[in-house]
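From first to last, the protein sequence lines stand for chains A and B.
Each residue of the first sequence is one higher than the one before, starting from 1 at the first, in full-length UniProt numbering.
Each residue of the second sequence is one higher than the one before, starting from 1 at the first, in full-length UniProt numbering.
Rather than coming from a laboratory, the hints here were simulated on the basis of the structure.
Here the structure is a predicted model, which is why all the values come from computation and not from measurement.
Cβ atoms here follow ideal geometry from the backbone N, Cα and C, with glycine treated the same way.
Each hint should be verified, as a subset may be incorrect.
[Stated by the list, open to error] From the structure, some residues in chain A lie toward chain B, with a derived Cβ separation under 8 angstroms:
#1 Gln-198
#2 Gly-241
#3 Gly-262
#4 Thr-287
#5 Glu-290
#6 Thr-292
#7 Leu-396
There are 2 protein chains.
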Amino acid sequence: MTEPTEPTAGVSRRKFFSGSAALAGAGGMALGVAGALASGAAASAPTEPVSDVERMAARANLSYPFYGEHQGGIDTPPQDHLVFTAFDVTATSPTELQLVLAKWSAAMAEMTSGAPVGKVEPGREQAIPGDTGEATDMGPQGLTLTLGFGPSLFDERFGLAPFKPADFAQLPAMAGESLDPALTGGDLCIQACANDPQVAYHAVRNLARMARTMVKTKWTVLGFGRASAGANQTTPRNLMGFKDGTRNVKDVVDLDAHVWVGEEAGQPWMVGGSYLVARKIHMLIETWDEDTIGDQQSIFGRTKGEGAPLSGTREHDVPDFHATVAGAPAIAPDSHIALVAHENNGGTKILRRGYNFTDGLDAVGRLDAGLMFLSFQKNPIQFATLQRKLGSSDRLNEYIRHVGSGVFAVPAGLPAAGSYYGKEFFA
Amino acid sequence: MTEPTEPTAGVSRRKFFSGSAALAGAGGMALGVAGALASGAAASAPTEPVSDVERMAARANLSYPFYGEHQGGIDTPPQDHLVFTAFDVTATSPTELQLVLAKWSAAMAEMTSGAPVGKVEPGREQAIPGDTGEATDMGPQGLTLTLGFGPSLFDERFGLAPFKPADFAQLPAMAGESLDPALTGGDLCIQACANDPQVAYHAVRNLARMARTMVKTKWTVLGFGRASAGANQTTPRNLMGFKDGTRNVKDVVDLDAHVWVGEEAGQPWMVGGSYLVARKIHMLIETWDEDTIGDQQSIFGRTKGEGAPLSGTREHDVPDFHATVAGAPAIAPDSHIALVAHENNGGTKILRRGYNFTDGLDAVGRLDAGLMFLSFQKNPIQFATLQRKLGSSDRLNEYIRHVGSGVFAVPAGLPAAGSYYGKEFFA
Numbered sequence: 001m002t003e004p005t006e007p008t009a010g011v012s013r014r015k016f017f018s019g020s021a022a023l024a025g026a027g028g029m030a031l032g033v034a035g036a037l038a039s040g041a042a043a044s045a046p047t048e049p050v051s052d053v054e055r056m057a058a059r060a061n062l063s064y065p066f067y068g069e070h071q072g073g074i075d076t077p078p079q080d081h082l083v084f085t086a087f088d089v090t091a092t093s094p095t096e097l098q099l100v101l102a103k104w105s106a107a108m109a110e111m112t113s114g115a116p117v118g119k120v121e122p123g124r125e126q127a128i129p130g131d132t133g134e135a136t137d138m139g140p141q142g143l144t145l146t147l148g149f150g151p152s153l154f155d156e157r158f159g160l161a162p163f164k165p166a167d168f169a170q171l172p173a174m175a176g177e178s179l180d181p182a183l184t185g186g187d188l189c190i191q192a193c194a195n196d197p198q199v200a201y202h203a204v205r206n207l208a209r210m211a212r213t214m215v216k217t218k219w220t221v222l223g224f225g226r227a228s229a230g231a232n233q234t235t236p237r238n239l240m241g242f243k244d245g246t247r248n249v250k251d252v253v254d255l256d257a258h259v260w261v262g263e264e265a266g267q268p269w270m271v272g273g274s275y276l277v278a279r280k281i282h283m284l285i286e287t288w289d290e291d292t293i294g295d296q297q298s299i300f301g302r303t304k305g306e307g308a309p310l311s312g313t314r315e316h317d318v319p320d321f322h323a324t325v326a327g328a329p330a331i332a333p334d335s336h337i338a339l340v341a342h343e344n345n346g347g348t349k350i351l352r353r354g355y356n357f358t359d360g361l362d363a364v365g366r367l368d369a370g371l372m373f374l375s376f377q378k379n380p381i382q383f384a385t386l387q388r389k390l391g392s393s394d395r396l397n398e399y400i401r402h403v404g405s406g407v408f409a410v411p412a413g414l415p416a417a418g419s420y421y422g423k424e425f426f427a
Numbered sequence: 001m002t003e004p005t006e007p008t009a010g011v012s013r014r015k016f017f018s019g020s021a022a023l024a025g026a027g028g029m030a031l032g033v034a035g036a037l038a039s040g041a042a043a044s045a046p047t048e049p050v051s052d053v054e055r056m057a058a059r060a061n062l063s064y065p066f067y068g069e070h071q072g073g074i075d076t077p078p079q080d081h082l083v084f085t086a087f088d089v090t091a092t093s094p095t096e097l098q099l100v101l102a103k104w105s106a107a108m109a110e111m112t113s114g115a116p117v118g119k120v121e122p123g124r125e126q127a128i129p130g131d132t133g134e135a136t137d138m139g140p141q142g143l144t145l146t147l148g149f150g151p152s153l154f155d156e157r158f159g160l161a162p163f164k165p166a167d168f169a170q171l172p173a174m175a176g177e178s179l180d181p182a183l184t185g186g187d188l189c190i191q192a193c194a195n196d197p198q199v200a201y202h203a204v205r206n207l208a209r210m211a212r213t214m215v216k217t218k219w220t221v222l223g224f225g226r227a228s229a230g231a232n233q234t235t236p237r238n239l240m241g242f243k244d245g246t247r248n249v250k251d252v253v254d255l256d257a258h259v260w261v262g263e264e265a266g267q268p269w270m271v272g273g274s275y276l277v278a279r280k281i282h283m284l285i286e287t288w289d290e291d292t293i294g295d296q297q298s299i300f301g302r303t304k305g306e307g308a309p310l311s312g313t314r315e316h317d318v319p320d321f322h323a324t325v326a327g328a329p330a331i332a333p334d335s336h337i338a339l340v341a342h343e344n345n346g347g348t349k350i351l352r353r354g355y356n357f358t359d360g361l362d363a364v365g366r367l368d369a370g371l372m373f374l375s376f377q378k379n380p381i382q383f384a385t386l387q388r389k390l391g392s393s394d395r396l397n398e399y400i401r402h403v404g405s406g407v408f409a410v411p412a413g414l415p416a417a418g419s420y421y422g423k424e425f426f427a
């Protein structure tokens with residue numbers, strides 16, 4: 001096994017969203033430190049002429065440490081591309097599941113460092129390759145791989161009931177959803193994020209391949225749309241044309257309060273972990289596109305261009321839910337931002353990390369596109385609280401439909417090579 | 001209508017594959033000239049520390065001129081992402097078709113310059129927006145939009161038979177294909193390529209939207225996999241793990257000889273145009289992944305790592321189809337590169353511009369992925385010649401299946417604002 005690249009400088013995962021990644025060149029050369037991708041700062045530094053080749057090489061060689069207190073892909077600045085895949089375990093013995101988790105952990109370390117899966121032997125012509133090869137020489141591309149366990153993994157098959165965290169169950173049925181069973185649930189999930197889609201796809205493909213007799217891919221979503229975060233704007237837009245993520249969880253205090261699991265789960269393997277909620281949200285694009293800008297803005301509670309709350313003028317103005325215009329609330333109480341604001345939900349916050357998706361056309365020729373909503377929280381109830389409210393009165397419901405869903409317990413990060421996710425289950 | 005951005009420096013489309021794009025910053029500031037993205041040169045220049053924000057901004061602001069001798073997206077250095085869409089025209093009068101082509105031409109000029117579709121009016125709250133908004137502030141991202149006319153457009157519906165080029169017809173049936181009618185043909189096509197998938201998607205979505213009562217989307221493919229071209233390698237890899245495009249058409253002499261249409265088509269509107277062949281090629285990934293590296297290399301005729309022909313040691317070594325190893329040909333005569341080599345096909349060359357795709361899972365849970373093959377040639381017979389040979393003896397056929405297909409006449413570029421594609425048809 002190849003050891004993952006060590007960070008070039010002292011890097012702390014706790015330096016949340018500061019883009020504190022190690023940029024190690026292909027030859028070990030340090031290229032610099034990534035900018036404040038998601039820090040809310042605009043691209044204001046003076047710009048040196050640099051070639052596209054240089055730019056691409058630096059992006060390609062971006063690598064995040066694999067071992068640490070938390071898994072990557074949670075407080076990591078959002079990469080450009082997502083491949084989310086849920087799996088069912090078809091293996092029938094705990095030992096086989098143990099083998100999958102140990103192989104995956106080692107391969108995840110290799111791939112996030114930019115190495116291929118498995119040792120490459122000279123004179124290997126007669127061997128079936130350990131790695132499928134399409135990401136060869138592409139660099140790690142900021143790849144993170146985040147593993148989650150579905151509630152179903154803790155059923156009677158593998159004897160894991162004693163390890164099931166308190167409060168961990170499938171999400172309750174909620175208004176405004178019409179879930180497709182083929183896009184729902186899963187015993188395991190992998191959230192692969194990278195700045196190149198081929199690197200993210202390669203990772204999931206190779207994990208599926210090495211476990212092919214023991215797991216079956218259940219559903220998968222390819223996402224995009226975070227690329228703009230580092231360009232001319234810092235908040236990406238969803239496919240309705242609105243900025244998405246302006247009021248996202250942004251500091252370490254919020255992470256500890258709302259995202260990282262502590263002792264309360266009753267499971268040591270979850271301390272430093274989180275819960276991932278995945279919702280595939282189909283947008284009724286053609287219908288939305290026929291609405292006026294004024295109505296669209298009223299539905300979101302923000303302007304479409306700037307993304308300012310309708311009580312203010314700039315994107316990051318704090319929404320004033322008591323402000324009025326001509327006697328009426330500036331931000332409608334049933335607007336999207338009013339419904340989900342922590343001010344209106346007893347302080348509830350979640351860390352969103354969603355991606356846009358498009359699957360081409362649906363069966364009747366309409367654009368099949370929307371948002372792959374992903375959120376992390378220390379208890380799934382945080383999501384359920386907000387979603388119940390949205391489901392019952394959000395005016396967006398006319399234009400969206402939740403079609404896929406999953407909730408996963410994301411264990412804490414691994415301390416060092418040789419450890420693997422779920423090791424505690426098989427002691 | 002907004003005029004497209006003019007190039008900052010004198011830029012010629014004829015400076016083929018030299019990355020000669022105008023890089024104009026958001027404020028009009030020139031950032032430099034893009035590197036030799038597809039020129040075969042490695043990323044060898046010394047690297048200055050630059051922030052990710054700066055890198056992304058320069059990529060975001062990359063813009064190619066819209067007006068010129070040829071359409072963009074043919075000899076343009078391949079961008080990272082593709083959205084290919086074929087449309088059927090549902091309008092029934094020539095005037096409606098004329099309107100679609102005029103509206104599209106103007107919108108293509110706007111969007112490739114990074115502008116939204118339609119003029120943005122102040123106080124437009126009560127209006128339905130001209131632009132759907134999800135690419136707002138993202139920059140042009142190197143967007144090119146390439147329009148093609150299918151053979152069916154020249155049937156009796158619009159009276160266009162007199163304008164049909166000589167030798168332009170649907171592709172003949174060929175061995176090794178099992179085409180899905182839902183992924184085949186189309187009266188019109190748009191090839192949208194950009195360095196951000198959201199910008200490419202936005203363009204096709206808005207073209208479809210503005211013509212929604214007159215055209216119907218028939219099939220669409222989202223592609224990726226060119227991003228590596230500028231990073232640690234210059235030749236991207238397909239999903240079989242092999243470099244793809246090493247011997248592609250690379251110079252202006254070849255373009256004139258093999259790609260740009262001249263007087264021979266008998267249609268002035270096609271002089272400077274080309275023919276686009278699109279083939280959606282499904283790969284039997286799981287089967288391929290079980291083959292040995294030696295056999296995979298023998299099938300392609302190249303090494304998997306370096307991409308060298310089996311008669312040589314470096315990627316760009318010219319294949320020697322007469323070389324032998326222990327009395328047998330070093331490159332098998334039925335290997336992929338032997339079958340398609342111009343040396344073995346009377347000099348026939350095509351310009352390939354394909355992208356990898358994955359659509360998630362197929363109906364039986366296997367990876368649904370492959371290559372969206374796109375090629376440009378001055379006559380569709382060039383593609384048919386090579387594909388007939390591949391179909392009859394290519395050992396790759398065991399691992400691939402052509403499932404989608406289209407051929408389109410790509411008219412010459414537009415000279416200036418006010419002109420539109422197909423204008424000659426309605427004189």
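Evaluated hints:
no. : hint    : in the structure
1   : Gln-198 : holds (5 angstroms)
2   : Gly-241 : holds (2 angstroms)
3   : Gly-262 : violated (32 angstroms)
4   : Thr-287 : violated (12 angstroms)
5   : Glu-290 : holds (6 angstroms)
6   : Thr-292 : holds (6 angstroms)
7   : Leu-396 : violated (15 angstroms)
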